[in-house]
Amino acid sequence: MKILYFAWLRARIGCAEEEVSLPAGIADVGGLLDWLSSRGPRYAEALRDLSVVRVAVNQEYVGRDHPLADQDEVAVFPPVTGG
Amino acid sequence: MIRVQREDFDIGAELDRLAAGNHAIGGIASFVGLVSDLGGPDRVAALSLEHYPGMTEKKLAEIELEAHRRWPLTASLIIHRYGRLEPGERIVLVATASPHREAALAACHFLIDWLKTDAPFWKSEQTPAGERWVERRAEDDAAKARWQG
Numbered sequence: 002m003k004i005l006y007f008a009w010l011r012a013r014i015g016c017a018e019e020e021v022s023l024p025a026g027i028a029d030v031g032g033l034l035d036w037l038s039s040r041g042p043r044y045a046e047a048l049r050d051l052s053v054v055r056v057a058v059n060q061e062y063v064g065r066d067h068p069l070a071d072q073d074e075v076a077v078f079p080p081v082t083g084g
Numbered sequence: 003m004i005r006v007q008r009e010d011f012d013i014g015a016e017l018d019r020l021a022a023g024n025h026a027i028g029g030i031a032s033f034v035g036l037v038s039d040l041g042g043p044d045r046v047a048a049l050s051l052e053h054y055p056g057m058t059e060k061k062l063a064e065i066e067l068e069a070h071r072r073w074p075l076t077a078s079l080i081i082h083r084y085g086r087l088e089p090g091e092r093i094v095l096v097a098t099a100s101p102h103r104e105a106a107l108a109a110c111h112f113l114i115d116w117l118k119t120d121a122p123f124w125k126s127e128q129t130p131a132g133e134r135w136v137e138r139r140a141e142d143d144a145a146k147a148r149w150q151g
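The listed protein sequences correspond, in order, to chains A and B. Everything in the first sequence is counted per our numbering, starting at 2 for the first residue and increasing by one. Everything in the second sequence is counted per our numbering, starting at 3 for the first residue and increasing by one.
Everything labelled a hint here was simulated from the structure, so no lab data went into it. Glycine included, every Cβ here is placed at the ideal spot set by N, Cα and C. Hints are not guaranteed to be accurate.
[Unchecked claim] Below, a sample of chain B positions facing chain A; criterion: calculated Cβ distance under 8 Å: (1) MET57; (2) TRP124; (3) ALA140; (4) ARG148.
Construct the complete structure from the given sequences, taking the supplied hints into account.
Structure, rendered in structure tokens:
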């Protein structure tokens with residue numbers, strides 16, 4: 002699974018893009034965020050407040066209960082501030 | 003039409019091109035967003051705009067399609083820049099053309115409101131205190147909500 006990080010999430014995690022194998026038992030976006038938080042202090046700090054974390058799967062905004070498949074492109078980012 | 007680019011754009015040339023050859027167009031409405039610096043302790047030396055290539059174009063095209071669904075538009079254009087921009091520089095151009103002004107003005111307002119909450123762009127400001135990520139304003143969500151329902 003490809004995971005992309007943007008804005009301050011990219012800066013805090015220290016990574017723009019990574020390829021991960023979805024661990025068994027992780028079925029949705031909420032589960033993925035919990036698992037990412039457990040991967041080290043940078044992840045834990047960046048994902049501490051999930052109220053300011055948005056997720057897109059295959060370039061569509063999704064909720065925490067959105068199901069995941071191994072070939073998905075997942076993007077994790079703060080609320081958008083363009084315009 | 004959607005364009006996501008690093009380069010600046012020429013407002014006059016873009017608006018001329020939008021209406022060129024189409025005499026059914028009675029008017030063009032436009033919005034130009036600029037990098038602002040309000041001074042004081044929050045002085046902004048520059049802005050850095052990051053986006054999600056692929057999803058950005060997809061969301062902008064969806065928003066544009068929605069505007070055409072709601073109003074009788076003849077043509078429309080969204081240009082959004084990314085990269086490093088200084089105060090006074092143009093960030094975004096939204097332009098809508100229609101036989102009549104009401105549709106053009108309303109659709110232009112709708113597009114800039116929706117773009118702010120749906121297009122995956124992020125701004126960080128270079129200030130005397132260092133880099134600062136711009137936070138989402140509740141007013142922007144309220145502005146979008148006006149167009150729902």
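Ascending list of hint numbers which this structure does not respect = 3 and 4
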